[in-house]
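Taken in order, these protein sequences are the chains called A and G.
The first sequence begins at 1 in the numbering used here and counts up one residue at a time.
The second sequence begins at 1001 in the numbering used here and counts up one residue at a time.
Just so you know, the hints here were simulated from the structure itself, not pulled from any lab data.
Among these hints, one or two may not hold up.
Stated by the list, open to error - Derived pair list, reagent style SDA-like, types lysine to any residue, alpha-carbon separation capped at 20 Å:
| id | chain 1 | residue 1 | chain 2 | residue 2 |
| --- | --- | --- | --- | --- |
| 1 | G | 1175 | A | 125 |
| 2 | A | 117 | G | 1187 |
| 3 | G | 1225 | G | 1405 |
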Amino acid sequence: MLNTKKYVPWLYILPAIFLLFFFLVYPSINTIYISFFNFNSEIFVGIENYLYCFTNEIMLNSFKNNALWVILFVPITVFLGLIIAVLLDRVKYESWIKSIIFMPMAISFVGAGVIWKFVYAYRPASAAQTGILNALRMAFQLEPIPWLIIRPWLNNFCLIVVGIWIWTGFCMVILSASYKGIPRELLEAARVDGASEFKVFWQITLPLMKPTLAVVATTMTINVLKIFDIVYVMTNGNYNTEVIANRMYKEMFIFRNYGRASAIAVILLVLIIPMIVINIQRFREQEGIR
Amino acid sequence: MFKRLILLVSVISLISIFSLGVLGASSVTVLGTWTGAEEEAFNQMVAPFESQTGIDVKFTGTRDLPAVLTAQVEAGSPPDLSALPNPGQMAEFARAGKLVDLSTFMDMKVLGSDYSPTWLDLGSYEGKLFGVFISADLKSLVWYSPKAFAQGGYAVPKTWDEMLALSDQMVKEGKTPWAIGFESGAASGWPGTDWIEDIMLRTVEPEVYDLWVSHGISWLDERVKRAFEIFGQIALNEKYVYGGPNAILTINFGDSPDALFTTPPNAYMHRQATFIKSFILDHNPQLVPGEDFDFFPLPPIDAKLGTPALGAADLFAAFKNTPEAQALIKYIASPEAQEIWVGKLGKLSANKRVNPAAYPDDLTRKAAKILSEASTFRFDGSDLMPSAVGAGSFWTGVLDYVSGVRLDNVLMTIEASALDAYRK
Chain A
1 MLNTKKYVPW
11 LYILPAIFLL
21 FFFLVYPSIN
31 TIYISFFNFN
41 SEIFVGIENY
51 LYCFTNEIML
61 NSFKNNALWV
71 ILFVPITVFL
81 GLIIAVLLDR
91 VKYESWIKSI
101 IFMPMAISFV
111 GAGVIWKFVY
121 AYRPASAAQT
131 GILNALRMAF
141 QLEPIPWLII
151 RPWLNNFCLI
161 VVGIWIWTGF
171 CMVILSASYK
181 GIPRELLEAA
191 RVDGASEFKV
201 FWQITLPLMK
211 PTLAVVATTM
221 TINVLKIFDI
231 VYVMTNGNYN
241 TEVIANRMYK
251 EMFIFRNYGR
261 ASAIAVILLV
271 LIIPMIVINI
281 QRFREQEGIR
Chain G
1001 MFKRLILLVS
1011 VISLISIFSL
1021 GVLGASSVTV
1031 LGTWTGAEEE
1041 AFNQMVAPFE
1051 SQTGIDVKFT
1061 GTRDLPAVLT
1071 AQVEAGSPPD
1081 LSALPNPGQM
1091 AEFARAGKLV
1101 DLSTFMDMKV
1111 LGSDYSPTWL
1121 DLGSYEGKLF
1131 GVFISADLKS
1141 LVWYSPKAFA
1151 QGGYAVPKTW
1161 DEMLALSDQM
1171 VKEGKTPWAI
1181 GFESGAASGW
1191 PGTDWIEDIM
1201 LRTVEPEVYD
1211 LWVSHGISWL
1221 DERVKRAFEI
1231 FGQIALNEKY
1241 VYGGPNAILT
1251 INFGDSPDAL
1261 FTTPPNAYMH
1271 RQATFIKSFI
1281 LDHNPQLVPG
1291 EDFDFFPLPP
1301 IDAKLGTPAL
1311 GAADLFAAFK
1321 NTPEAQALIK
1331 YIASPEAQEI
1341 WVGKLGKLSA
1351 NKRVNPAAYP
1361 DDLTRKAAKI
1371 LSEASTFRFD
1381 GSDLMPSAVG
1391 AGSFWTGVLD
1401 YVSGVRLDNV
1411 LMTIEASALD
1421 AYRK
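Using the sequences and the accompanying hints, generate a full structural model.
What follows is the structure, encoded as structure tokens:
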């Protein structure tokens, strides 16, 4: 073992490095490169594409909406995931309920968008409602609401609800595994010492789950920064619901402006890098503990 | 045993690679936006071609054509032919040097006599022919139910003012005159741009319309603003439109005309292109075209401009210059092919030699007559604008306007994107 040549480990990781280079490093560098060129990558335009991204009204609105997604989506999914994970631990049919909550994860995001478009569907008050929410409102003699049209809060919030519906199950499963990893003796000891359930949760459970919570929260943040499918399917960014990734798609595939699409991609990458760094640091810390 | 297995596997894979190569040599790949009835009609159109030549036509339909096509072209593996929804996209690919010049192998004399110069011009870019038109859709139509009109004692309006007077009369009688729906997934808003274009054609000279399309006049121009306002008189009027502006934004364009055929009718008039007939029949198979539903030309606003026609058309362009692709595009340009296509779909032909008897019904013949008698014909403007405007800010602009955003803000947003998009 000890007399293996120095290059041998390199041989083992070479395929991985090769793949990473061609499918990650090279495209990233190329994207950064063409983000400094015009729409068809022929004329160098300096930082013009970036200036556009930070001055254009719709782009600024996209940044605002992505921020709204982060602020609402991340805490709510993580919080719900945690509460459900901890509470379900005491329920008899835990695995059944968990399966049901996890189920939306199995649906493609486009599928989820279509499903929820039906949930929010709007028909004139005189017609039969096809959307369940408006049908409920009509049952209570209330006017139907065009959920996805009313800006800027209601429609964005309605979209975020769909994201929460999909991802809460994922958070729950990860956090539940972490919760079950906590030695029961610790919790029992605290209870024997007279700690209230609330205190046990705050002072023992939560600190022990902190690393997992951080990982889940950063993963959710990365997810939400890249949010695309739901918005694309349900509103396509109309009525002030535009997000960064959908804008990137439009610039690239509809408007065929490669420079601008690449600039948006780079900005998105830069926004996500800190999250990745945090995730890696957490990972190292955990490795260190072991 | 193991060696034998390897031998078997390699023989099978060799055979499959070889046969793929053989099949690939006698087939044409075609990408288009058509699915459902339109895809069926396309397959029926190319069936005689396939049996005559033995060339296999492989059609892929996607509603997301611009994205799919762009990705394939950029990846260096475009389809042999593509059905493009508008000449604007054709011009973009032509400028990028991705298209085959059709005049190099097609008989230009025959094309010159089969097609009117308008169609050949629209299919050309910088003097070269890159696209052939297969059919047209007439957009300037108002659909209605003759039975419902007879019951209410309404006459088909001949002028815009008569149309508004009729709308007012219906409102007074407690009815709702209009059914409008702009929802169309990722393309939401396009039916609204048709309204604006139709009104533009009826309020300004055709030359001004062309200037507007090429951004020779600003979106802040009084004439553009007026077109939006005339549209707003109908669309923003809660009493005029079934369900009001909220319904316009949330009801799918294909579902919208359903309101005409409820008992009692939820609405009486619906402005939409010829193709909506297939949606109406699909949703209400019991209806008889011409009896239960019919159309009248969207009436003129300014008498001296007459009744102009706004239209769209489907065209084919070639990305690869293979003999099979050449054969197929020649066939598609022929009246034999187009008679099958327009006969199945009730679209209007672009080729002059197509026999009017090929049209499936009198309704389609009537539309063809309106198209040929129109004082002016103009192509759907949004399809000719750079996509950042024509498939971007113009779509969202109309939606914003209907949803209550101030018109000046709407037009300023479109103008800002136009200033940027026409630069390139």
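We went through each hint and held it up to the structure:
no.	hint	result
1	G:1175 - A:125	15 Å, holds
2	A:117 - G:1187	15 Å, holds
3	G:1225 - G:1405	14 Å, holds
The structure shown violates none of the earlier numbered hints.
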